[in-house]
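Participant: Chains as they are written, first to last, in numbering that gives the first Met the number 0: chain A, 0 to 230; chain B, 0 to 184.
Be careful, since some hints might not be right.
Calculated pairs, EDC-like style, for lysine to aspartate or glutamate (alpha carbon to alpha carbon, straight line, at most 16 Å) [as the list claims (entries may be wrong)]: (1) B:LYS30 <-> B:GLU59; (2) A:LYS186 <-> A:GLU110; (3) A:LYS129 <-> A:GLU90; (4) B:LYS69 <-> A:GLU90; (5) A:LYS186 <-> B:GLU22; (6) A:LYS19 <-> A:GLU66.
Just so you know, these hints were derived from the structure itself, not from any lab.
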Amino acid sequence: MKTVSLTIDGKAIKAPEGQKVLWAALDNGIYIPNLCAIRKASEPYAGCRLCFVEIEGRNGPVTSCTEPVAEGMVVNTQGPRSRRLARTALELLLASHPVDCAHCAKNRSCELQKLCSLLGVKLNTRRFRKLVHNLPIDSSCPNFTYNPNKCVLCSRCVWTCRERYGVGVLGFAHRGFDRVVTTFEDKPIAESGCRVCDECIEVCPVGALVFKDGRKGTPGCAEVKSKTATS
Amino acid sequence: MPDTSTEPPVSNAKIVNTPEEQEDNRRRTRKVLKKFNRKRENLVPVLQQVQDELGYLPREAMLEVAEYLKVPEVDVYGVVTFYNQFRLKPPGKHSIRVCLGTACHMKGGYILLDAWKRRLGVDRGETTADREYDLDTVACVGCCAMAPVNVIDKKAEGRVSPTRVDGILLAFKMEKEKKAKEKPD
């Protein structure tokens, strides 16, 4: 496979042609904030707006999950403009997230917490008015609960559900603030043909999908799994 | 003259299609589907034509469409709930549209919406169980000088008040009774 050389944060990197900047950086130990990225997905979802980077010669920051690497590209992952965009995106996510970490099963393994400490954002952000959903919690499945109020709409579970069985149980519905990961006609998950494969709980970055027995999913597992699959 | 203000809401009951109605809906959906090939990009046009045929998109129609186009059922549901043009509830005999555009909003459109909700016992986007009325909101109907506006069966009513809501309902009811008397069947 053809490789191209580029520079990310001053580090010279070789990456296969066509690979996205995000994965090139992550493979070389440079972390770029992300929530929705899935390595195996054919099209990046590009919904979380956290992976902004600055590329020399570009007018504005670009999302690194959609940007293919190019020969001689110079990428700065810590640029003030890209970091500001990422920080705002994270604050907006937190503005509609019930921050009750002490009682959350994902406490300390939550990717929102990780991103907050990395980007220097407080969990209880004051910049935006707090506006949380008040949707019922779905505990219809025997081994996990789904709390849509904590969901950050990263689409990882939707993608996984689909990838695993071809026909997905989970999907997006409704619009705007009401947008939610749900099932056909908002039925409980257990009544919608879920085969309880647990894959969606494994990939959930926050406390929206959690095991009932307190078992922790593997954080960043979507990435880990795909790595073993491709190598 | 009967007093409508103390009457209970028509009904909160959910509209359920009988098996015969469901079969009929499925048959008519399949008829529409025949005109399309099984491509995912046909989803929106298919749903539009099915809605033209049935007046709304019942559960059984969405399931037929999902199966035909080989898309997950939840994706059909997602598209239907995303676009305002699709409705999940059958249209009523009379359509009631409450304008919540800027002018109507300022002049108390929400109060009227609440009045309708109370009287009909349904939320916006829903239909009463007897399928007489369907209630929904619109963003602006272009006659802001008459605010607050309600569009009743395509006729714009200006400067509506909650009392007028009762009046409109009473008129419909009397009309219905008159018809029933003329044609007792």
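Participant: Return the numbers of the hints above that this structure violates; sort them in rising order.
Facilitator: 2, 4, 5
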